[in-house]
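S.K.: Below are the chains, spelled out letter by letter.
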Amino acid sequence: GNSVTQMEGPVTLSEEAFLTINCTYTATGYPSLFWYVQYPGEGLQLLLKATKADDKGSNKGFEATYRKETTSFHLEKGSVQVSDSAVYFCALTLMNRDDKIIFGKGTRLHILP
Amino acid sequence: NAGVTQTPKFQVLKTGQSMTLQCAQDMNHNSMYWYRQDPGMGLRLIYYSASEGTTDKGEVPNGYNVSRLNKREFSLRLESAAPSQTSVYFCASSASRTMNTEAFFGQGTRLTVV
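Residue numbers (the numbering used here), protein chains in the order written: chain F, 612 to 724; chain E, 1007 to 1120.
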């Protein structure tokens, strides 16, 4: 079946550190890939997306590249800030399929000042 | 811009009570979803609706019913609440699943069943 696996949290980093949150997927067909972010007490909001292989999504200093050969969509940021503390969800959707959005379990990120 | 609006934000129920969670979107989206979020479990889909008049079960539909009242509104009903339904519930909408567009989420309803 279709699924998304992302690294377990929590991840704790110091401000200005480099961030990587791993995400891999299993899908039949050609998925679109997403990263959502959930700040405390709020709903999820889209952070970035990529709709085909080798596309790079970017927003707010975060980046992720759609790697079909490794079925991955790892989230990276060069220098994190305290305000990046949140829960991050990797997700996929599939074209031509009457299906739902498939989410990973989320990774909680803590940034220390 | 309102986006996706959920009511109520907080609710405490006694076991066996019923209630309806309301959700409305003002973006003219076709698809709407109900998720529950539990610690360590991520988001689990309860029900979804691809268009007005259609609904489909998700991963965890037992104990819930839904109504897609019109294109704007998608409600979730708990007929007889159980402690296992204590969770945070999120409504979401998207233009169309097949177009791979993003989902927009409400702020959530924190439900406690005692």
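Since the hints were made in silico from the structure, they are not lab data.
Note that the structure is predicted; figures quoted are calculated from it, not measured.
Hints are not guaranteed to be accurate.
[Stated by the list, open to error] Simulated crosslink set (DSS-like; lysine-lysine; CA at most 30 Å straight-line):
hint, chain 1, residue 1, chain 2, residue 2
1, E, K1077, E, K1063
2, E, K1020, E, K1063
3, E, K1077, E, K1015
4, E, K1020, F, K671
5, F, K667, F, K716
6, F, K663, E, K1020
7, F, K663, F, K716
8, F, K688, F, K667
9, F, K688, F, K663
10, F, K671, F, K716
11, E, K1063, E, K1015
12, E, K1015, F, K716
13, F, K716, E, K1063
14, F, K671, E, K1063
15, F, K688, F, K671
S.K.: If you test the structure against every hint from before, which numbers come out violated?
M.R.: Failing hints, ascending: 4, 6 and 14.
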